[in-house]
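Trainee: Residue numbers (the working numbering), protein chains in the order written: chain A, 13 to 184; chain B, 149 to 322.
The set of hints was computed from the structure by calculation and includes no laboratory data.
In this text, a Cβ means the ideal position worked out from N, Cα and C, and glycines have one as well.
There's no promise every hint is true.
As the list claims (entries may be wrong) - The list that follows gives simulated cross-link-like pairs (lysine-lysine, DSS-like), each with its CA atoms no further than 27 Å apart: (1) A:K130 <-> B:K184; (2) A:K165 <-> B:K184; (3) B:K319 <-> A:K165; (4) B:K184 <-> B:K215; (5) B:K209 <-> B:K249; (6) A:K103 <-> A:K84; (7) A:K103 <-> A:K39; (8) A:K127 <-> A:K39; (9) A:K39 <-> A:K84; (10) A:K84 <-> B:K319; (11) A:K48 <-> B:K184; (12) B:K184 <-> B:K319; (13) B:K184 <-> A:K127; (14) A:K130 <-> B:K249; (15) A:K48 <-> B:K301; (16) B:K213 <-> B:K175; (17) B:K266 <-> A:K127; (18) B:K215 <-> A:K165; (19) B:K175 <-> B:K263; (20) A:K165 <-> B:K266.
As the list claims (entries may be wrong) - Far from chain A, by Cβ distances over 12 Å, these chain B residues were calculated: (21) R166; (22) D190; (23) K238; (24) G314.
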Amino acid sequence: MSVGLSFEELMEYTEWERERWRDLFAKQGDAALATKSGQNGDGRFDTIGDLIRHIFSAETRYVDRLIGREPKDTASISSASSEALFQFGEKSRARLRGYVQALRAAEWDAPFEFKMLKLVIRATPRKIVGHVSTHEIRHWAQIATMMRLNGHKVEWQDFLLSPVLGGGVERG
Amino acid sequence: MSVGLSFENLMDYTDWERGRWEEWLTKLGDQVLETKTGPNADGRFQTIGDVVRHIFSAEVKILDKMKNRPMTDVALVPSNSVAALFQFGKQGRKEMREFVKTVSAQEWDEPQEFKAFKMVVRGTRRKFVAQALLHEIRHWAQIATMLRLNGLKTDFQDFLFSPVLGGGVEKQAE
Chain A
13 MSVGLSFEEL MEYTEWERER WRDLFAKQGD AALATKSGQN GDGRFDTIGD
63 LIRHIFSAET RYVDRLIGRE PKDTASISSA SSEALFQFGE KSRARLRGYV
113 QALRAAEWDA PFEFKMLKLV IRATPRKIVG HVSTHEIRHW AQIATMMRLN
163 GHKVEWQDFL LSPVLGGGVE RG
Chain B
149 MSVGLSFENL MDYTDWERGR WEEWLTKLGD QVLETKTGPN ADGRFQTIGD
199 VVRHIFSAEV KILDKMKNRP MTDVALVPSN SVAALFQFGK QGRKEMREFV
249 KTVSAQEWDE PQEFKAFKMV VRGTRRKFVA QALLHEIRHW AQIATMLRLN
299 GLKTDFQDFL FSPVLGGGVE KQAE
């Protein structure tokens, strides 16, 4: 593959993001998870906690599909407890990492098909894992906006500020 | 490098996102760019148009730094014109694609350093290009949220639904 980011690097980045969010919710308390996601949503996610569960659920359920299992029902995981949510996230990440490490080179670009809601989706494992990574990055960014709009201070979570690929930022 | 997403993949994805945004914002008209970003911000971006300009500016400024040339004055790009903003974005993207093609394998991981605001930033070319692309993905998602909160709902823009790496989505037969 030409230059870019490996899935390991993308996982490192989102794990760094997760740790920052986990710290923030530990400091602010579970009440912050009840922050509303705001109006005009599609009804799936009423709170920030729901959206965090959705991030980890997506990771879990895509791995389920890729290994031929029935996607797990994640509704029983409390979206009101940061500890329950981030522990769920740790488990889903361990499974994704295991999947990425185990898949053989020839399998990454093999066609794959699954049903989701009323859709038939065709994609390779590479596309699905790419989707899981960018899906998480997008939703954390949206959570940052919703938290900001509700008066919570959130630090920058740019890739540049992360430890992935080294480097660093200092006051000059 | 082990399996992942190439910069070409990430540029194809963000180009697809840009195309959808340009089409939709053009339909809505320039006034949609005046939508406010809402309270508690750091004061840099008052409107959605300012955030769109910031996306494209970040890409150009990273190129400025990596090419050791004077910083582009992005304030000259109007943030209240869809056409002007996306034209600016296309210029930056064209240059980024050329840059990615010309950097040698060895140069990607060489240490670089530059000053931005009151910061000293250290990283490699690979890290800076990755920053530009992931930064864009994050900000489009935030723009979608801000517009949704203002009653303007966008279509899904997930990587899975993009044409990158093939595949497709069809409605299941009833």
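Trainee: For every hint, state whether the structure bears it out.
Mentor: Going through the hints against the structure:
Simply put, A:K130 and B:K184 have alpha-carbon atoms about 35 Å apart, too far for the 27 Å limit, and the pair is violated. With a CA separation close to 19 Å, the supplied pair A:K165 and B:K184 stays within the 27 Å bound. About 41 Å separates the Cα atoms of B:K319 and A:K165, which puts this hinted pair outside 27 Å; it is violated. With a C-alpha separation of about 34 Å, the suggested pairing of B:K184 with B:K215 is violated against the 27 Å cut-off.
For the hint linking B:K209 to B:K249, the alpha-carbon distance of about 18 Å falls within 27 Å, and the restraint holds. Distance restraint check for A:K103 and A:K84: the Cα-Cα separation of roughly 13 Å lies within the 27 Å cut-off, and the hinted pair is therefore satisfied. Restraint check for A:K103 and A:K39: the C-alpha separation of about 22 Å stays at or below 27 Å, so the hint holds. Annotation: proposed proximity of A:K127 to A:K39 is violated, straight-line Cα distance about 40 Å (limit 27 Å).
Restraint check: the Cα-Cα separation between A:K39 and A:K84 comes to about 30 Å, which exceeds 27 Å; the hinted pair is violated. As the CA atoms of A:K84 and B:K319 are separated by approximately 23 Å, the hinted pair is consistent with the 27 Å bound. The suggested pairing of A:K48 with B:K184 holds, with an alpha-carbon distance near 19 Å, which does not exceed 27 Å. Of the supplied pair hints, the one linking B:K184 and B:K319 is violated, its CA atoms being roughly 36 Å apart against a limit of 27 Å.
Taking the CA atoms of B:K184 and A:K127, the gap is about 38 Å. The hint is violated against a cut of 27 Å. Annotation: proposed proximity of A:K130 to B:K249 is violated, straight-line Cα distance about 40 Å (limit 27 Å). Using a Cα cut-off of 27 Å, the hinted pair A:K48 and B:K301 holds, with the two alpha carbons roughly 17 Å apart. Our distance criterion of 27 Å between C-alpha atoms is broken by B:K213 and B:K175, whose separation comes to about 35 Å.
For the proposed pair B:K266 and A:K127, the alpha carbon gap of about 50 Å is over 27 Å, so the pair is violated. Simply put, B:K215 and A:K165 have alpha-carbon atoms about 35 Å apart, too far for the 27 Å limit, and the pair is violated. With a CA separation close to 39 Å, the supplied pair B:K175 and B:K263 exceeds the 27 Å bound. Under the criterion of a C-alpha separation no larger than 27 Å, the hint pairing A:K165 with B:K266 is consistent with the structure, at around 21 Å.
With a cut of 12 Å on Cβ distances, B:R166 stays outside the contact zone with chain A, its closest approach being about 15 Å. Once the 12 Å rule is applied to beta carbons, B:D190 is inconsistent with being away from chain A; the minimum gap is 9 Å. Against chain A, the non-interface label of B:K238 holds: every CB pair exceeds 12 Å, the least being about 22 Å. With a minimum CB-CB distance of about 7 Å to chain A, B:G314 fails to clear the 12 Å threshold, and the non-interface call is violated.
Comparing the model with each earlier hint shows violations of hints 1, 3, 4, 8, 9, 12, 13, 14, 16, 17, 18, 19, 22, 24; every other hint is respected.
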